[in-house]
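Listed here are the chains, written in short residue letters.
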Amino acid sequence: MFAAFTFPPIDELFRWKDIAFNDSGYGINKTSLLVFISSALILLIFIGGSRKMKLIPSGVQNVLELTYDFVDRGITRDVIGNDATRYTPFLGSLFLFILFLNFWEIIPGIQFPPTSRFAIPLFLSLMVYVLYWFLGFKHNGIKYLTGHLFPAGVPKALYLLVTPIELVQILVVRPFSLAVRLLANMMAGHILLTALALLTSYTLTNAPIITIGPFLLNIGVTGFELLVGFLQAYIFTLLTAVYIADSLHPEH
Amino acid sequence: MLASVLAVAVKAAEAAGEVKAKNPIVPESKEILWASIAFFIVFGLLAWKAWPAIKKSLQDREDKIRGDLEHAESVRTQADKELADYQRQLADSRNEGGRIIEEARQSADQVRKDLIARAEADAAEIRARAQEDAKLATERAMADVQSRVSDLSIELAERIVRHNLDKATQIQLIENYINEVGGTRR
Numbered sequence: 001m002f003a004a005f006t007f008p009p010i011d012e013l014f015r016w017k018d019i020a021f022n023d024s025g026y027g028i029n030k031t032s033l034l035v036f037i038s039s040a041l042i043l044l045i046f047i048g049g050s051r052k053m054k055l056i057p058s059g060v061q062n063v064l065e066l067t068y069d070f071v072d073r074g075i076t077r078d079v080i081g082n083d084a085t086r087y088t089p090f091l092g093s094l095f096l097f098i099l100f101l102n103f104w105e106i107i108p109g110i111q112f113p114p115t116s117r118f119a120i121p122l123f124l125s126l127m128v129y130v131l132y133w134f135l136g137f138k139h140n141g142i143k144y145l146t147g148h149l150f151p152a153g154v155p156k157a158l159y160l161l162v163t164p165i166e167l168v169q170i171l172v173v174r175p176f177s178l179a180v181r182l183l184a185n186m187m188a189g190h191i192l193l194t195a196l197a198l199l200t201s202y203t204l205t206n207a208p209i210i211t212i213g214p215f216l217l218n219i220g221v222t223g224f225e226l227l228v229g230f231l232q233a234y235i236f237t238l239l240t241a242v243y244i245a246d247s248l249h250p251e252h
Numbered sequence: 001m002l003a004s005v006l007a008v009a010v011k012a013a014e015a016a017g018e019v020k021a022k023n024p025i026v027p028e029s030k031e032i033l034w035a036s037i038a039f040f041i042v043f044g045l046l047a048w049k050a051w052p053a054i055k056k057s058l059q060d061r062e063d064k065i066r067g068d069l070e071h072a073e074s075v076r077t078q079a080d081k082e083l084a085d086y087q088r089q090l091a092d093s094r095n096e097g098g099r100i101i102e103e104a105r106q107s108a109d110q111v112r113k114d115l116i117a118r119a120e121a122d123a124a125e126i127r128a129r130a131q132e133d134a135k136l137a138t139e140r141a142m143a144d145v146q147s148r149v150s151d152l153s154i155e156l157a158e159r160i161v162r163h164n165l166d167k168a169t170q171i172q173l174i175e176n177y178i179n180e181v182g183g184t185r186r
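Protein sequences, first through last, are from chains A and B. Take the first sequence: its position 119, counted from the start at 1, is 119 in the working numbering, and no numbers get skipped. Take the second sequence: its position 34, counted from the start at 1, is 34 in the working numbering, and no numbers get skipped.
Hints in this document: simulated from the structure, not taken from any laboratory. Among these hints, one or two may not hold up.
Selected chain A positions facing chain B (in silico; Cβ < 7 Å) [claimed, not checked]:
no.: 1; residue: Phe7
no.: 2; residue: Pro8
no.: 3; residue: Asn22
no.: 4; residue: Tyr26
no.: 5; residue: Ile37
no.: 6; residue: Leu41
no.: 7; residue: Ile42
no.: 8; residue: Asn62
no.: 9; residue: Val63
no.: 10; residue: Phe70
no.: 11; residue: Arg117
no.: 12; residue: Ala207
no.: 13; residue: Leu239
Computed cross-link-like contacts, DMTMM-like style, restricted to lysine to aspartate or glutamate with a CA-CA straight-line distance of at most 20 Å [as the list claims (entries may be wrong)]:
no.: 14; chain 1: B; residue 1: Lys56; chain 2: A; residue 2: Glu65
no.: 15; chain 1: B; residue 1: Lys55; chain 2: A; residue 2: Asp11
no.: 16; chain 1: A; residue 1: Lys138; chain 2: A; residue 2: Glu65
no.: 17; chain 1: A; residue 1: Lys52; chain 2: A; residue 2: Asp23
no.: 18; chain 1: B; residue 1: Lys55; chain 2: A; residue 2: Asp78
no.: 19; chain 1: B; residue 1: Lys64; chain 2: A; residue 2: Asp11
Glycine included, every Cβ here is placed at the ideal spot set by N, Cα and C.
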């Protein structure tokens with residue numbers, strides 16, 4: 001009686017054909033295009049908006065200052081310390097980059113977050129990985145590693161248990177969890193919104209009386225994904241700050 | 001460098017056919033490449049142009065607010081000091097006014113006492129002079145009376161001597177004399 005509801009292969013939701021430099025090692029697909037557009041928007045808003053800063057803020061200046069203050073006070077100073085404001089530009093850029101990429105998930109007509117492609121969370125988490133290892137060794141030398149592997153106050157017998165766990169944690173778990181957390185959240189959100197949109201379309205054709213259900217659910221989940229997009233950008237940045245703080249002051 | 005290493009690694013894996021399957025999880029090297037380029041451009045330009053300007057704006061406002069607050073505090077302290085000065089001056093003025101009034105009152109009191117004393121002295125002098133005058137008048141009157149009595153006594157004696165009077169005549173004569181003297185005195 002009804003046409004069967006078919007969900008497209010997952011691959012179709014995430015893999016996009018190149019639109020420039022086709023099939024080359026540097027082909028540009030929808031993911032990369034959205035990354036470019038996001039970057040251009042960030043630069044346009046933040047560099048354009050910061051050219052004429054006034055003592056009494058108005059309009060976009062409020063957004064710029066709010067963002068800076070949010071990252072500087074809410075993340076850098078709170079997590080790393082008041083003397084660590086030199087990390088705010090990096091953390092702020094990271095936060096904005098992820099945030100803008102995440103928000104494509106709910107932009108009508110686009111509805112695809114580039115952060116649901118593993119390439120981007122992987123790159124970002126590995127960059128953070130390199131950064132905190134570099135800072136750790138720069139500020140603490142080999143003690144950065146030994147301090148983690150042989151934490152003070154732990155009975156030596158327990159090193160047999162603690163040391164491998166710590167080693168795996170700082171070598172693998174940290175970057176992996178950082179990347180996968182962002183990827184999984186954005187990917188799940190994208191699949192969910194796609195499923196609800198397809199379900200709405202399907203019920204509209206085959207069972208209009210219940211269309212309102214998936215339709216309203218789709219709207220609700222879209223709002224929820226707005227929150228998720230922000231929250232994931234915040235969490236990624238916050239954890240980056242935590243790792244940097246750990247590199248600078250491992251004794252804490 | 002990280003991005004290029006990563007991209008090469010992924011590319012190598014793809015070439016090896018290990019990730020050729022359509023697995024949406026597998027990262028694509030070209031996406032890593034472009035994302036890394038985009039991120040470093042964003043970070044570089046924001047760190048160069050945007051973040052310092054925003055930080056400076058916030059710092060300027062913070063400095064302005066702090067300066068204004070400190071200035072307001074300074075002005076308030078100055079105002080408090082001036083108020084205290086004015087209140088002290090007002091209290092001094094009140095004390096000075098009270099002192100002047102008290103001095104004036106004492107001065108007036110002294111003037112009053114002086115005037116009263118002088119008036120009393122004048123009155124006493126007048127009274128003394130009047131008493132002196134009365135005394136002199138009395139003495140003058142008494143002298144007149146004595147003189148008159150003497151004259152009359154002499155006159156009486158002359159009359160007695162001139163007339164050898166009987167007893168009744170003598171008595172009559174004396175009574176007449178007395179009446180005459182009494183009438184003279186009145």
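Okay, the hints, checked on the actual structure:
{"no.": "1", "hint": "Phe7", "in the structure": "violated, 14 Å"}
{"no.": "2", "hint": "Pro8", "in the structure": "violated, 12 Å"}
{"no.": "3", "hint": "Asn22", "in the structure": "violated, 11 Å"}
{"no.": "4", "hint": "Tyr26", "in the structure": "holds, 5 Å"}
{"no.": "5", "hint": "Ile37", "in the structure": "violated, 10 Å"}
{"no.": "6", "hint": "Leu41", "in the structure": "violated, 10 Å"}
{"no.": "7", "hint": "Ile42", "in the structure": "holds, 6 Å"}
{"no.": "8", "hint": "Asn62", "in the structure": "violated, 11 Å"}
{"no.": "9", "hint": "Val63", "in the structure": "violated, 10 Å"}
{"no.": "10", "hint": "Phe70", "in the structure": "violated, 11 Å"}
{"no.": "11", "hint": "Arg117", "in the structure": "holds, 6 Å"}
{"no.": "12", "hint": "Ala207", "in the structure": "violated, 30 Å"}
{"no.": "13", "hint": "Leu239", "in the structure": "violated, 17 Å"}
{"no.": "14", "hint": "B:Lys56 / A:Glu65", "in the structure": "holds, 10 Å"}
{"no.": "15", "hint": "B:Lys55 / A:Asp11", "in the structure": "violated, 44 Å"}
{"no.": "16", "hint": "A:Lys138 / A:Glu65", "in the structure": "violated, 32 Å"}
{"no.": "17", "hint": "A:Lys52 / A:Asp23", "in the structure": "violated, 43 Å"}
{"no.": "18", "hint": "B:Lys55 / A:Asp78", "in the structure": "holds, 17 Å"}
{"no.": "19", "hint": "B:Lys64 / A:Asp11", "in the structure": "violated, 56 Å"}
Checked against the numbered hints given earlier, the structure breaks hints 1, 2, 3, 5, 6, 8, 9, 10, 12, 13, 15, 16, 17 and 19 and satisfies all the rest.
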